[in-house]
Amino acid sequence: MELREFFNKDAVNLDLKGETKDEILKELIGLLGLDEKSESILFKMLKRRENLGSTGIGRGIAIPHCRSLVVNRLRVAFGRKKDGADFDAIDQQPVYNFFLIVAPPLEVSNQYLPVLGKIAQFAKEPDVPARLEALKTPEEFLSLIEEKTSR
Amino acid sequence: MHPQLEILLQIQDLKAQHRELSVTEGERQVEEEEFQVNIENALKQLEEKIQELEAELGPAIRSRYQRISAGRGRAVVPVINGLCYGCFMAIPTALASELTQNNDLRHCDHCGRFLYMIE
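Protein sequences appear in the order of chains A and B. Residue numbers are given in the working numbering: position 44 of the first sequence equals residue 44, and the series is strictly consecutive. With the second sequence counted from 1, adding 1000 to any position gets you the working numbering.
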């Protein structure tokens, strides 16, 4: 299972405009191209997940995630906010890089947990925050994911 | 989308989260270790929200939902490629076309689960 296979450049936004947690979640959800009602349900689910504990895991990275019936396969998106945003992260620091992961409740291939784990591991690599900050195009993001997670 | 269907979808999604944290070892471990979630508190919060949403269902729908949940687990399932993803039986074409906008609350003739059309 290669992490790169789950991303496409249309679901990468290197210039998020949102200032608040809610605005950023909505912007990330918008990258998935769902209908309006599905977006609304997904936003509520992600908010409820955030209420259980922030998905801001520190070092400027957050991984909002949940399972929801509004998707029929695992979907991922990436967003970067250059100035950072308050996301109630574990280390209380601003978050710059956001990985969204949404999976249906039942997955035949059970990819949700491995993808979540791989992104969390990727986020821990020492040079990743600086490499994400330096990205200029979505293609560069995809190359970075491939470089760091392909085995 | 039918407002009661929207509630049912939210309940089902919350139940999926609850199941992950309570019975799926790997997911519970990731939530605890990577995201520092307090599992006991999280489960309690989810249970409260599920109960709150269940109370918003109309009596007849709640009754059907409870009956299906007790007997078959998931009470609302997607229709994908013309199949009910609860019993994996084909949905009649006429019903599938009526479901397209999810404006009606319909159920599978075979297993009785509420249906949700997904692209």
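FYI, nobody ran anything at the bench for these hints, they're computed from the structure. All figures in this text were calculated on a predicted structure; none of them were measured in a lab. All C-beta atoms in this analysis are idealised placements derived from N, C-alpha and C, irrespective of residue type, glycine included. Please note that a few of the clues may not be correct.
As the list claims (entries may be wrong) - Here are the in silico distance ranges between beta carbons for each label pair:
| id | chain 1 | residue 1 | chain 2 | residue 2 | range |
| --- | --- | --- | --- | --- | --- |
| 1 | B | C1087 | A | A130 | 47 to 55 Å |
| 2 | B | T1024 | A | E2 | 21 to 29 Å |
| 3 | B | A1090 | A | D35 | 44 to 52 Å |
| 4 | B | E1025 | A | Q121 | 12 to 20 Å |
| 5 | B | I1039 | A | T20 | 25 to 33 Å |
| 6 | B | D1104 | A | E39 | 37 to 45 Å |
| 7 | B | R1072 | A | Q93 | 24 to 32 Å |
Comparing the hints with the structure gives:
1. B/C1087 <-> A/A130: 47 to 55 Å: holds (51 Å)
2. B/T1024 <-> A/E2: 21 to 29 Å: holds (23 Å)
3. B/A1090 <-> A/D35: 44 to 52 Å: violated (24 Å)
4. B/E1025 <-> A/Q121: 12 to 20 Å: holds (18 Å)
5. B/I1039 <-> A/T20: 25 to 33 Å: Given a distance of about 28 Å, which is inside 25 to 33 Å, the answer is holds.
6. B/D1104 <-> A/E39: 37 to 45 Å: Violated, at about 21 Å.
7. B/R1072 <-> A/Q93: 24 to 32 Å: violated (46 Å)
Comparing the model with each earlier hint shows violations of hints 3, 6 and 7; every other hint is respected.
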